[in-house]
Amino acid sequence: MSEMLRAEHLAKYFPVQKSFLEQIFTREMRYVKAVDDVTFSVDRGEIFTLAGESGCGKTTTGRLAVRLLKPTKGKIYFEGEDITDLRGEDLRLLRRKMQIVFQDPYASLNPRMRLGDAVGHPLKIHGVAKSEGQKKLVLEVLDKVGLAPPEKFVNLYPHQLSGGQRQRVALARSIILEPEFIVADEPVSMIDVSLRTTIIDLMLGFRKEFGLTYLFITHDLAVAKYISDRIAIMYLGRIIEMGDKGRLFLKPAHPYTKALLSAIPIPDPKRKRKSVELAGEVPSAINIPAGCRFHPRCPYKKEDCAENEPELVEIEKDHFVACVLY
Amino acid sequence: MTLLEVDALTIDYRTGGGTVRAVKDVSFTLEKGETLGLAGESGSGKSTLGLSLMRLVPYPGVIVGGRIEINGNNILKLSNNEMRSIRGKKVAYIFQDPMISLNPVKKIGAHFLELIRTHEPETSKEKAIERANEILKNLGILPERANDYPHQFSGGMRQRIMIGLAIALNPDLVIADEPTTALDVIVQAKILDLLQSLREIYGMAMILISHDLSIILERCDKIIVMYAGQMMEYASNVELHKNPKHPYTRGLLQSIPNIELLDQRLSAIPGSPPDMLSPPVGCRFWPRCSSAKKICSAEEPPLIDVGRNHFVRCFLYTEEGANHE
Chain A
865 MSEMLRAEHL AKYFPVQKSF LEQIFTREMR YVKAVDDVTF SVDRGEIFTL
915 AGESGCGKTT TGRLAVRLLK PTKGKIYFEG EDITDLRGED LRLLRRKMQI
965 VFQDPYASLN PRMRLGDAVG HPLKIHGVAK SEGQKKLVLE VLDKVGLAPP
1015 EKFVNLYPHQ LSGGQRQRVA LARSIILEPE FIVADEPVSM IDVSLRTTII
1065 DLMLGFRKEF GLTYLFITHD LAVAKYISDR IAIMYLGRII EMGDKGRLFL
1115 KPAHPYTKAL LSAIPIPDPK RKRKSVELAG EVPSAINIPA GCRFHPRCPY
1165 KKEDCAENEP ELVEIEKDHF VACVLY
Chain B
2 MTLLEVDALT IDYRTGGGTV RAVKDVSFTL EKGETLGLAG ESGSGKSTLG
52 LSLMRLVPYP GVIVGGRIEI NGNNILKLSN NEMRSIRGKK VAYIFQDPMI
102 SLNPVKKIGA HFLELIRTHE PETSKEKAIE RANEILKNLG ILPERANDYP
152 HQFSGGMRQR IMIGLAIALN PDLVIADEPT TALDVIVQAK ILDLLQSLRE
202 IYGMAMILIS HDLSIILERC DKIIVMYAGQ MMEYASNVEL HKNPKHPYTR
252 GLLQSIPNIE LLDQRLSAIP GSPPDMLSPP VGCRFWPRCS SAKKICSAEE
302 PPLIDVGRNH FVRCFLYTEE GANHE
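Each protein sequence line maps, in turn, to chains A and B.
Residues in the first sequence are numbered from 865 upward in steps of one, following our numbering.
Residues in the second sequence are numbered from 2 upward in steps of one, following our numbering.
Among the hints, erroneous ones may be present.
Said to hold, decoys possible - Derived, one-sided and incomplete: chain A residues facing chain B with beta-carbon distance under 10 Å:
1) 1023
2) 1027
3) 1062
4) 1065
5) 1090
6) 1131
7) 1137
What the hints contain is simulated information worked out from the structure, not anything from laboratory work.
Where a beta carbon is used, it is the ideal one built from N, C-alpha and C, also for glycine.
With these hints in hand, go ahead and build the complete structure from the sequences.
This is the structure:
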């Protein structure tokens, strides 16, 4: 399989607003290290998931991947081409091939734009097809996401739709340019359980139909397990474990992954879950602990952990872990 | 003795666009020390039902019918003053968002002092502080932190504080409304463990409201599945998991991914929840139901006893329904 997207030592630091006194007395800038040295690649046609708790940097990584943000360090390659420093027209052209779907379908649609216009907007921006052709494409794509009859939906406004329907519109808008690569940032976490599966199935269907590649972002490991081929678990801006879905869930290696998995409720009253053995909470991304960033909470920590940051190592085929235990 | 008895409870929201019947004819009982799960999607009426148990249904909601008895006392007949002595003392509520439920300009300790001394004016300040420290210890928070403000705590810690405030007066019933929805999984598991252990220490009954059926199956003895304001199914957790009867419950169970299963097939419930201003005639679920019959769109199904303390609102389990096309 050929490689679609590759991120190499990607990092994104956001400067912290300083108080007035600090501005006078110190020159030092403080940063939120949202993403701190992340390397991964996504193959054509696969669904690669970034999973982790809030604040782990998964969304920032997703936005870096489609270049909505410019990385502080590192490189991003798309189909072998370096897109790290693309600007203006080149970046706009790139966006025909990569799209993003956001978490909140209430915020991602313009409330004063009819659905037909919202879905057709990318066509206008990229000058694809003329007015009649645009209309036809919009109807087609609305039909594909299951908003039938599309003629009715074209003239509606977002407030007339339910959350699930809005997310379908957002999906329609993301596929209308026939992109090759979609970043889906928590696309189902704000949708009711009974409607989630239909959205996920739509996404899986598009992969089959158009050979789409997804970078899927979620905090919900159960959803990640259902949808993905490979998963990377992030903690405080780093990937701490990455691998094929089957291996990762069957034999989780990193203590953090194990804790995450043990915390997920199992919809079966007869299964008694073991309690989570993990101290404290996720530290601030401004003061990342030295050494392994997980060591202050780790039940297996050794002396060495506070000093050296472990690198991702391959412990079996297609299963990488960043932990001194391996 | 039965702690809580809800009988034929009906709640309307009288909006400009018409009347929304948010809760329709709901009846159930809860014994001392039991846990009940209210499961349902957004708009199913589960929060309205929870709030009504403290008579806190927000305007324009009105309780139009039914009875809510706590320890044999119909709270719908109480005066506002009498009601105030029940809130917090007999029944406590834990809200979803811990940030907006705490006063940002008040220290955590002061929250506890105010609560204890308002309800029990005879308690001295020293005694109240002592009790607050005791509770903080049970929550896993250092007593020194009583002097911190809410913004100095993380989301999970704030939710612990909310739980502490809820149990401070040792109520008989705690209603937890989506207590962990805003939190990450690890914190969620810890908060739910905490609730469970406190329940055992203080012997409280609990109603857990959640859209997440996995949490409810894991943590509650009895479960009510709500849909469009109605109780669709009622059973114990084991029974509901083994023997789901209502097509909606079955659909929900089939759409939850289970982390323990490899290659699970999920199936979706077609359609979307109804517009509550004009809900479907007959069974409120029939437009989305794969087993819908003619009778379902004509008449409202009754709640049927299918044995083993298991009730379901569906024509599939009645004689006239079973014989219908």
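Hints, one by one, checked against the model:
1. 1023: Status violated, d = 13 Å.
2. 1027: Result: holds, 8 Å to nearest chain B Cβ.
3. 1062: This interface hint holds because 4 Å falls under the 10 Å limit.
4. 1065: holds (7 Å)
5. 1090: holds (4 Å)
6. 1131: Result: holds, 4 Å to nearest chain B Cβ.
7. 1137: holds (7 Å)
Of the numbered hints given earlier, the model fails hint 1 alone.
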